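> Sequence:
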Amino acid sequence: MLMISASSLENSSRFWHHGRVLSLTHLEDGALSRLPMFPLPGGVLFPGQTMSLYVFEPRYRALMRACLAENHAMAVSFLESESQSGAPVRTICGGGQIIASEELEDGCWNVLLQGTDRLRIVTEVPTDEPFRRVEVQRFMESRGPNDQALAGQLRTLMLQISEVLPDAQSLLHGLAGLAKSPSHLCDLVGAHIVDPAELRQELLETRSVEERLERTIGAMSSALLHLIDLPESGALH
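Numbering (my numbering) for the sequence shown: 1 to 237.
Hints listed in this document are in silico derivations from the structure and should not be mistaken for laboratory results.
It cannot be assumed that every hint is accurate.
DEER-style ranges, computed between Cβ atoms [as the list claims (entries may be wrong)]:
(1) S221 <-> E82: 31 to 37 Å
(2) D29 <-> K180: 20 to 26 Å
(3) S208 <-> E28: 22 to 28 Å
(4) L178 <-> E28: 38 to 44 Å
(5) P196 <-> E105: 31 to 37 Å
(6) P58 <-> T156: 44 to 50 Å
(7) H173 <-> A197: 34 to 40 Å
(8) E103 <-> Q153: 42 to 48 Å
For clarity, every value in this text was computed on a predicted model and none was experimentally measured.
No residue lacks a Cβ here, since even glycine has one placed at the ideal position from N, Cα and C.
With the hints as constraints, model all of the structure from the sequences given.
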């Protein structure tokens, strides 16, 4: 079951900036055979999402240098465990393009990554580098005849929630305005509002746009009902 809370809406609103979603692009085919992988605990990168990263570990500093020397592309994968080197990651991951980077005096990096593709990891590629590389394929979504109508329902719910929760107005209006398709709208809501990370990963792994929209609509409807029932606290549990 998907969960959306007032607290997640409010927290996302604090970090929302208009114009952070750029034109949708895709990784080049040539990047898919040896793609640098950045495993993150709870790391979920949706197409069209921008993600800020602070890179401090030496192995991932090396990853950054490799990415910038090649085609600025990487995979962000959901790390199952931090207890071991080469720990398992989820097979479905997000592909991203570095759109801004800054190397700091201490060798760490500030990075802005834009999500481009749903990807499926085919295999891990042997490498002498300190970071991991993977061969990936595009994980193509399936569109349905009801996508536009469902996206309209989702937009209506977003408007209704923004009226009940004024602190989330900027976020919700911004997401609705920037979305370029039903799939993009659902992915933006998943990236910025849905919580916890495991549920965001479930949305990333769902091929059907219609199913993603239906699940997100259900979660948003539940959130709206709770907000109406708890107008004073504005909090969900």
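> It remains to establish, for every hint, whether it holds in the given structure.
Status of the hints after comparison with the structure:
1. S221 <-> E82: 31 to 37 Å: Hint holds: Cβ distance 35 Å, inside 31 to 37 Å.
2. D29 <-> K180: 20 to 26 Å: 22 Å, holds
3. S208 <-> E28: 22 to 28 Å: 26 Å, holds
4. L178 <-> E28: 38 to 44 Å: 24 Å, violated
5. P196 <-> E105: 31 to 37 Å: At roughly 35 Å between Cβ atoms, E105 and P196 fall inside 31 to 37 Å, so the hint holds.
6. P58 <-> T156: 44 to 50 Å: With a Cβ separation near 49 Å, P58 and T156 satisfy 44 to 50 Å, so the hint holds.
7. H173 <-> A197: 34 to 40 Å: Distance hint for H173, A197 is violated at roughly 25 Å.
8. E103 <-> Q153: 42 to 48 Å: 45 Å, holds
Checked against the numbered hints above, the structure violates hints 4, 7; every other hint is satisfied.
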